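**Q** As a plain string of letters, each chain reads:
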Amino acid sequence: MAELQLRPDGRLRHFLSIEGLNQPLLSEVLDTAESFRKAAFQQVRKLPLLRGKTVINLFFEPSTRTRTTFELAARRLSADVVNIDVAASSTTKGETLLDTLRTLEAMHCDLFVVRHGLSGAAHFFAQHAPEGVSVLNAGDGRHSHPTQAMLDLFTIRRHRPDLDRLKVVIVGDILHSRVARSQIHALNLFGVPEIRVVAPATLLPVDVETMGVHIYNDFDAAIDGADVVIMLRLQRERMHGPLLSSKDEYFRRFGLTEKRLARARPNCLVMHPGPMNRGVEIESSIADGAQSVILEQVSNGLAIRMAVMAMALGSRDPGEGKA
Amino acid sequence: MNQVIRNGRLLDPARGVDQVGDLWISAGAITAMGEPPGSFEPDSEFDASSLWVMPGLVDLCARLGASPDQETRAAARGGFTTVCCPPDTGPVLDSVAVLKHLLAQTADSSSARILTIGALTSGLQGTGLADHDTLLRNGCVGLGNGSNGIGDSHVMRSAMQTARSLGATVFIRPEDPSLAGGCAHDGPIATRLGLQGIPASAEAAGMARDLALIEETGVRAHFCRLSSAVGVQLLEQARSRGLPVTADVAMHQLFLTEHDISGFDANCHTRPPLRATSDREALIDAVRHGVIDAICSDHTPLGVDAKLAPFADTEPGISAAETVLGLGMRLVEDDRLDLSTLLAALVDNPTRVLGRTPAGLSAGAPADLVIYDPAAVWRCDPDEFISDGHNSPFSGWEFQGQVVATFCDGRQTPATD
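Chains C and Y, in that order, give the protein sequences.
Numbering of the first sequence is given in numbering that gives the first Met the number 0, commencing with residue 0 and proceeding in unit increments.
Numbering of the second sequence is given in numbering that gives the first Met the number 0, commencing with residue 0 and proceeding in unit increments.
Only chain C is shown next, with the shape it has when bound in the complex (with noise of 0.2 Å):
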């Protein structure tokens, strides 16, 4: 998968999955973002590297928080932005994908950003993209959220430079979670040494070990001593079938309670990719407490997709960009 993501000479041109992509460039997205959020903070809202660049977001799959951080992080980039809510439209109509990108092509667009339900579906369309358009996938089914990861990855940095010497515990839907396997090929690549999975038995991806994670059945094991506990949410509109006891019963075992997170180190992060389901993934007064940075995570979700759009559209060379 690296060679559909990196241009010849190396760089970003398709952001698609952690998976296939090297820590140098990740470590470049990361420190890009840096400068971003620096900017932010000093109230330049506009800097004009993308300006006269198109920009269409194009969500299969409802969403707020991505798709208003990647318009955003387009604007502030100055690029033009087009918002595409597929699901009313042309492929409800019979369109297959292919043709809806074909279609959205020949109005001489220069990025898509692509949420979609089905596994793949970004590297289906930076496939069948054609030169000079890049593709950065905002989430494909269960496969892969890549900016969620940078973010969360940038958000753990920010507080624990030494990712060479953290525990992070993942929790909950580990199945149906792209952000959960982009995390775990993100933080693997930047050296966590211990990274353990929490799930309940019919809720974790069979081998998943193999993608270098710990599994444990008992979250109050699995807490112990912990720098950074991540809950996911509950997919439920991906659940078929008989996958989940009450919410009673999987708060019990899996919430995050004020009890739990005494076992982990002081001081340990607490995350979540939200939308969050108080009370049945985590207490609330953990969600608003001191040791949360779940607003964080939003904030900086702004400048990472700043800085992968910088990097997959920023052209050394004035002729580049346009094919």
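Honestly, the hints are just simulated from the structure, not real lab data.
What you are looking at is a predicted structure, and each value in this text was computed from that prediction instead of being measured.
The C-beta atom is built at its ideal place from N, Cα and C for all residues, glycine as well.
Take these hints with a grain of salt, some might be off.
[What the hints assert, rightly or not] Pairwise CB distance ranges, derived in the manner of DEER restraints:
| hint | chain 1 | residue 1 | chain 2 | residue 2 | range |
| --- | --- | --- | --- | --- | --- |
| 1 | C | T63 | Y | R378 | 47 to 55 Å |
| 2 | Y | R240 | C | A220 | 43 to 51 Å |
| 3 | Y | A374 | C | H213 | 52 to 60 Å |
[To be verified] Listed next, the stretches of chain Y that the computed footprint assigns to chain C, with coverage defined by at least 3 CB atoms under 8 Å from CB atoms of chain C:
| hint | region |
| --- | --- |
| 4 | 182-195 |
| 5 | 308-315 |
Fit chain Y to the known structure of chain C by using the hints.
**A** Leaving out everything else, chain Y in the frame of chain C:
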């Protein structure tokens, strides 16, 4: 019409035939090998010098798509002289009308003999029984449910009871549909790619249930397109108990694994899915030891749009007819199978599964032959397939040995146009 195939290596290990000589055909049947039978005046001659002359291959599963005639030419190019079409055609082969329509399209022009398997349940829905007796009377050689599993055990039991009473073989693709909602083997690759898995237990659960019903009803059953080591194990146990069961595997399952779908390669989207390397090894071993009787193509010609979508939305299947023999010969080259085992799995055993007596290269047998050039080297280019379907994961693979022509009932089909 009298024909002679001159100077070929006549090769039929099952009957101990391996000699260079002439093969004489009269009225579509082999009349003699070596010396001509009495006063034989050939109307046509085929020079098979330096070529092999083998019995034509028999495919237990080939879908004939929208142009059956063309697909039989593709099959012939692959070395097949008999192809067996499963009922999961569009429309489903569950009525005499559909059956007659299919056969009418190819009546005079077919390059290979077409046999059909009638639907076990109406519309392959797994709820009501199709008209088994009518389908069998009109020429179906067995009954099956295509790739659709039958979830309801009562329906399966009734279907088997009926088939048993009619003396028919049931062709079962063993799968518990409630476990088979995914699109890839439930293993590390599906986990990485975020694809919904189909566990090997889907095959095992379906098969275990079906074996219990086979034992009870006494129906003769053939398991189609096994994909897993656990399936092989269940088959082996059943046969050692003396149950009347046989099985086949698709050739691509002996080569590809779950790793081939990395990068979301839709040409490797198959049903059943490509499984783990250990499954592939178990399947090859099972063919080698005769536990799996036959190798089929599972030929599924698809239009180009069928594979142009994100992986889960693509249609499963491989346009396989034209690469089966090349792949099989590679197993021989690699010492995974010997030639006689390969040919048994492609000729005699599938013939027996179809309830017929294999005759191979012997006097009186139908002149179903494949003429094969063992020295030819070719590179697979799906765009050059005769089949309408260019959906092949074997693009670019190099093969040694190529079909030159086939004869079906003495009727010659050249491998190239």
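**Q** Give a verdict on every hint.
**A** A quick look at each hint next to the structure:
For the pair T63(C) and R378(Y), the supplied restraint of 47 to 55 Å holds, since their beta-carbon distance comes to about 51 Å. Restraint check, R240(Y) to A220(C): a C-beta distance of roughly 45 Å satisfies the suggested window 43 to 51 Å. A374(Y) and H213(C) have their C-beta atoms about 56 Å apart, which keeps the hinted 52 to 60 Å range intact. Figure legend: the region 182-195 of chain Y, annotated as covered by chain C; annotation consistent (10 residues with Cβ-Cβ distances under 8 Å, at least 3 required).
Here the region 308-315 of chain Y counts 5 residues with a CB under 8 Å from a CB of chain C, which clears the bar of 3, and the coverage holds.
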